[in-house]
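Taken in order, these protein sequences are the chains called A and B.
First residue of the first sequence: 1, per our numbering; consecutive thereafter.
First residue of the second sequence: 1001, per our numbering; consecutive thereafter.
Among these hints, one or two may not hold up.
Here are the simulated PhoX-like pairs of lysine-lysine, each with C-alpha atoms no more than 20 Å apart in a straight line [claimed, not checked]:
| hint | chain 1 | residue 1 | chain 2 | residue 2 |
| --- | --- | --- | --- | --- |
| 1 | A | LYS9 | B | LYS1097 |
| 2 | B | LYS1149 | B | LYS1128 |
| 3 | B | LYS1143 | A | LYS9 |
| 4 | B | LYS1149 | A | LYS6 |
| 5 | B | LYS1097 | B | LYS1128 |
| 6 | B | LYS1249 | B | LYS1260 |
| 7 | B | LYS1143 | B | LYS1128 |
Don't read these hints as lab results, they were simulated from the structure.
Only a predicted model underlies this, so the values are computations on that prediction, with no experimental measurement involved.
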Amino acid sequence: MDSIKKKRKPLTSNLITLAIVCVLFAVVFILVETGNATRHMRSMLVPICINIILAVSLNLTVGFLGELTLGHAGFMSVGAYAGCLFSIAMEEILPMALRFPLAMLVGGLVAACFGVLIGIPVLRLHGDYLAIVTLAFGEIIRSIIINLEFTGGAAGLKGTPQDSTFVIAFVVVLITLVVIMNLVNSRHGRAITAIRDNRIAAEACGINVTYFRMLAFVIAAFFAGVAGVLYGHNLSILSASTFDYNKSIELLVIVVLGGMGSIRGSVISAIIITVLPEALRELDDFRMLIYALVLIVMMILNASPRFAALKGKLNYKALADAVRAKSASSKANKGGQTHE
Amino acid sequence: MNKMVPLPSKAIVPERDADKLPILDVRHLGIDFGGLTAVDDFNFTMGRTEIGGLIGPNGAGKTTVFNLLTNVYRPTRGSILVDGVDTLGMSTHQVNKLGIARTFQNIRLFSNMTVLDNVKVGLHNSTKSNLWASVTHGFGYYKAERQAKERALELLSVFHMQDLAGAEAGSLPYGAQRRLEIVRALATDPGIMLLDEPAAGMNPSETTELMENIRKIRDTFQIAIMLIEHDMSLVMGICEGIAVLNYGKIIAKGTPDEIKSNPAVIEAYLGKKGA
Ligand SMILES: Nc1ncnc2c1ncn2[C@@H]1O[C@H](COP(=O)(O)OP(=O)(O)OP(=O)(O)O)[C@@H](O)[C@H]1O
Ligand SMILES: [Mg+2]
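Put together the whole structure using the sequences plus the hints.
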């Protein structure tokens, strides 16, 4: 019976993820406040948060629903434009503290609506077909935005208030993490993962597969939209060309590297993939080459069972067991002493 | 239907239910795959607490019948009444809500999820937790989860599997996977459960135990069970009514004794002897 695998408790694992994120935030925040961060470093903080939100939400469809979608940048752009246009219109009317959260909500909801519209035709498909069609939809959205008047067209959208700050972006990261981790550990999340593991069996268990596939798709689109709003409020010009399929693929790389269905993995790999190209900036001409090489090595490492075993050895459970064993033995010692 | 059936194994003697509406009433059911008629003129009724058997040689169309009953396939002809309701045009999950649960010939577990979560997926429609509760983990989430867990453990205890609750379903031994599929089906609170070769891959002692458990499930949950099986000792031992399928057609129907001595059945299984 050794072959029976015990699963870890998800709740503890989630708390650890949140703890890691909060500690990282605290460290970086102190560095920034004490003036120990360079301008260059500070400029990367919001983009890191944005990529975490995008990766964690994409993981919901790719890792938990088990469908490869390549249109995440499309939802991001829809959210970005909706949120930025809202902020531009409301700049004089609403104070920032009210306007920016509302803009994120608007961006998220508009992206979610696009999720429904695109989901209706796309979710009839599975596997490779679904991947290719979502890729196509992402490109369609981009070319429409470029050709519209009110989005600023190819020149880009100017005049968005630059409301994004590290603290706000971090709060949105926390909300995203809590919502997605809660969802995954719930009746709805179980339905979504059940569909991934076996669609026919899930249906036979009374799960409305169409509904839950749509649910995962739309929630992912919502958070992509919110991330887009953060992105749009972090730059002086919003240009549609940044939301091409390269962006979608970069996000997919983050999710695959972090591990399908691993939220903590997505967070860590989002940080690495965002920082890496910047860290390699000094290398100039070799930058993309080294970046690609590092990616290949990390992917191979991550896919190797031996590395997984090593990670397993280093996981919190082993640590916790070691600590418990230690405290138990020290207690036993104490107990022995009092008896003597 | 059987919402909160208490689980003590006190056997309730099944009431005879000939006078009640059958849980399943299948009329002239048939399906063609291109030119192949896989099932034809299939007529069958199941009483509310009956154990029925569906047997036949390989490729006879038995699994196809289950796929038709659960609306995985759309029938070419005929009708299916579950609890008096025609299931035409419904989707598989709606048929499950009407009261049909099933297991699969080639096991279909959610293999990356825990044993407990597999059963909780079966409890999906009886877990009262809306999207808002799922996202916030408030608004009755913990209560609903606790109830689902208790019920799941209760159901697992039918097969003495409660200690395996935390194990990954895909890593269980074969026999345990088959039992887990039955528990998961049972969790959907069915009126009738369809078991596709539940004893396949089990050893003789496991099969005997399974046989007793199927009877126990019928008695405690008061549901109908229809099973496909190649193990004749199991079929003859627990089924009250048996239908024999060959080339998609029912060639015999009756009690185990009637089936055993039916020449058409013997011919279908052994081939024409001495011809
Ligand atoms: N989706 C399908 N498309 C085409 N033919 C099919 C399909 N499903 C089943 N069939 C055919 O229908 C016939 C009956 O198959 P079925 O799986 O129902 O047999 P079975 O009685 O369950 O056999 P076994 O005892 O081997 O499980 C076979 O000839 C099979 O090839
Ligand atoms: Mg079969």
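Going through the hints against the structure:
Of the pairs offered as hints, the one joining LYS9 of chain A and LYS1097 of chain B is violated, with about 30 Å between alpha carbons and a cut-off of 20 Å exceeded. A C-alpha spacing of about 13 Å is found between LYS1149 of chain B and LYS1128 of chain B, which places the hinted pair at or below 20 Å, so the restraint holds. Proximity of LYS1143 of chain B to LYS9 of chain A is assessed by CA-CA distance (about 18 Å); at most 20 Å being required, the pair is judged to hold. Of the supplied pair hints, the one linking LYS1149 of chain B and LYS6 of chain A holds, its CA atoms being roughly 17 Å apart against a limit of 20 Å.
In summary, the hint linking LYS1097 of chain B to LYS1128 of chain B is supported, as the alpha carbons are separated by about 15 Å, within the 20 Å threshold. Note on LYS1249 of chain B and LYS1260 of chain B: the hinted pairing holds, with a Cα-Cα distance of about 18 Å set against a maximum of 20 Å. Between LYS1143 of chain B and LYS1128 of chain B the CA atoms are separated by roughly 9 Å; this keeps the pair inside 20 Å, and the hint holds.
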